[in-house]
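Each protein sequence line maps, in turn, to chains A and B.
Taking numbering that gives the first Met the number 0, I'd label the letters of the first sequence as residues 0 to 303.
Taking numbering that gives the first Met the number 0, I'd label the letters of the second sequence as residues 0 to 303.
Hints are not guaranteed to be accurate.
Which copy is meant is left open, because identical chains are indistinguishable; a pair holds if it fits in one copy or across any two.
[To be verified] Straight-line C-alpha distance at most 25 Å; calculated SDA-like pairs for lysine to any residue: (1) K91 x G202; (2) K245 x S265; (3) K258 x L230; (4) K258 x T295; (5) K162 x G232; (6) K258 x G202; (7) K145 x L156; (8) K289 x E147; (9) K289 x A53; (10) K245 x P260; (11) K258 x G293; (12) K145 x A12; (13) K91 x E298; (14) K162 x N224; (15) K145 x G202; (16) K162 x G202.
Please keep in mind that the hints were generated in silico from the structure rather than gathered at the bench.
Note that this is a predicted model, so its numbers are computed, not measured.
Number of protein chains: 2
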Amino acid sequence: MMNTAVGLIGLGAMGSGMAGSLRRAGHNVHVFDIRPGVAAAFAEQGGHACATLAELAAACDVIVSVVVNAAQTEEVLFGPGRDGSGCAAHMKPGSTFVMCSTVDPQFSIGLESELQALGLHYVDAPISGGAARAASGEMTMMTAAKPEAYARTGHVLDAMAAKVYRLGDRAGAGSKVKIINQLLAGVHIAAAAEAMALGLREGVNPNDLYDVITHSAGNSWMFENRMAHVLAGDYTPLSAVDIFVKDLGLVLDTARASKFPLPLSSTAHQMFMQASTAGHAREDDSAVIKIFPGITLPEGAKKA
Amino acid sequence: MMNTAVGLIGLGAMGSGMAGSLRRAGHNVHVFDIRPGVAAAFAEQGGHACATLAELAAACDVIVSVVVNAAQTEEVLFGPGRDGSGCAAHMKPGSTFVMCSTVDPQFSIGLESELQALGLHYVDAPISGGAARAASGEMTMMTAAKPEAYARTGHVLDAMAAKVYRLGDRAGAGSKVKIINQLLAGVHIAAAAEAMALGLREGVNPNDLYDVITHSAGNSWMFENRMAHVLAGDYTPLSAVDIFVKDLGLVLDTARASKFPLPLSSTAHQMFMQASTAGHAREDDSAVIKIFPGITLPEGAKKA
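Pulled out of the complex, with its shape left as it was, chain A reads as follows (with noise of 0.2 Å):
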């Protein structure tokens, strides 16, 4: 088991990471991305880098997808238009499908059902921690799976993650609890933003404001993270406003399927769109404090 044929598929921030942590744990990795030479470059420290998604199927018992959403999700397992060209139509009998996107759990709870259909196992388990995190294997994992796909799996999340949370016994409880903790994020970083403008519009020193709060009952792991950036005036995207767009859509879109109101989610996602439109979309989703008017934010270095 410990020598596992594993693909990855999307070698972006994240995906370039964990694929470095499952060939640092010995396993026979394989990989790909449609950015041409993404996976040839990852493939000169060893494992092998595939030329399209069938090559990736029909050599791994394990594919672990880190794709940037539920529609890229869909065309690495069905191909575009579902046109058949995608991973499902050639996975060996009995492997299993990883999914790790941030997707509406509904859609998770789906593909478990399809490509069980197929003879394939699927593990339901959204990631998170940042990019570092995840070169280095400690990132963490929200999953949910049956029991058999956990018994083929098992060590393979464990190579690339120092938690694997195990929360269900089939899909959809790993991305409920993605989602929800996408509701805590964008919400706390609205309201520090908010907490920060209301500091600047009455005249109190930003670094003052910041030194009390983390150090006050008021703190949030993302005040501490990303006011940071607003006093330093740094918005260089490490998570981009309109990733926040898409994920407290998610959570909105979630809760309306069952008429379950979300009074503080569905203002903080009103103002992550305002800064998005207002033309901060791409910029780091601290940005969001640009909607608010009447203030003078600090100015970074670049800037001076």
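For chain A, the structure is supplied; the task is to place chain B on it using the hints.
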């Protein structure tokens, strides 16, 4: 300086701990509380119980006010209906009034001016940290004052708090930072409730959700602290729903004065008002989760 005659007004959860810290530091502590017997009970271990505010004011060089709100602060200083029965008319020339309540910053700024005209000093000094930290002298003070007020009170403030933030050279910044902390605290409690409620609606195990979130980027100090109450089904008030009806109201009043929009604060304020008027005003602030329909909350040991 180290054996100062200090008066403390309001022996509630915070004030009684602060008075104890002052006594331990060797100060000559005078106390007053409107509840008969509370001051006398305190003085049994040392210090002086005062029967009237006038008696306390006449005996002390520094007076620390730890009452609930601006209205009580005004009554402490000027008497009911400004009938002159409060401290201000009886304070020694050059003595200092330390205002520890959470109030509109403009109210605090106004008090400094009014007391200065009477020849009295003033420290804008809201407090944070809870009753346990107040008792151990480990709470936080968010202060702003003129240098001459700090010169007379610095050692007294340090006796009560582990950290005394000095945020400005006149009144205002202390109260501003305090209400911005309350903005974040209130929004984070309401967001934590919204997230936990969605998890319950979606059938996620609430203990699993708590475990994941408290180890993820979606965490906040308030999520970690208050959702433990929800999981235990224990709404015994450590801080009540109506505290945030009041404090988010102060936040909104402050911002309204400069026509500054606060989308999340106003939404969270509505949520606490809904909880209050639905019958949960005096329950723990985490009871804001009870506004969400269509979910079953964990039951507490008390109800089992």
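Comparing the hints with the structure gives:
no.	hint	result
1	K91 x G202	neither (64 Å within a copy, 33 Å between copies)
2	K245 x S265	both (12 Å within a copy, 24 Å between copies)
3	K258 x L230	between (39 Å within a copy, 24 Å between copies)
4	K258 x T295	between (40 Å within a copy, 16 Å between copies)
5	K162 x G232	neither (33 Å within a copy, 28 Å between copies)
6	K258 x G202	between (42 Å within a copy, 15 Å between copies)
7	K145 x L156	within (14 Å within a copy, 59 Å between copies)
8	K289 x E147	neither (49 Å within a copy, 39 Å between copies)
9	K289 x A53	neither (45 Å within a copy, 51 Å between copies)
10	K245 x P260	both (18 Å within a copy, 24 Å between copies)
11	K258 x G293	between (37 Å within a copy, 9 Å between copies)
12	K145 x A12	neither (28 Å within a copy, 51 Å between copies)
13	K91 x E298	neither (55 Å within a copy, 47 Å between copies)
14	K162 x N224	both (21 Å within a copy, 22 Å between copies)
15	K145 x G202	between (55 Å within a copy, 17 Å between copies)
16	K162 x G202	between (43 Å within a copy, 22 Å between copies)
Hint compliance for this structure: hints 1, 5, 8, 9, 12, 13 are broken, all remaining hints hold.
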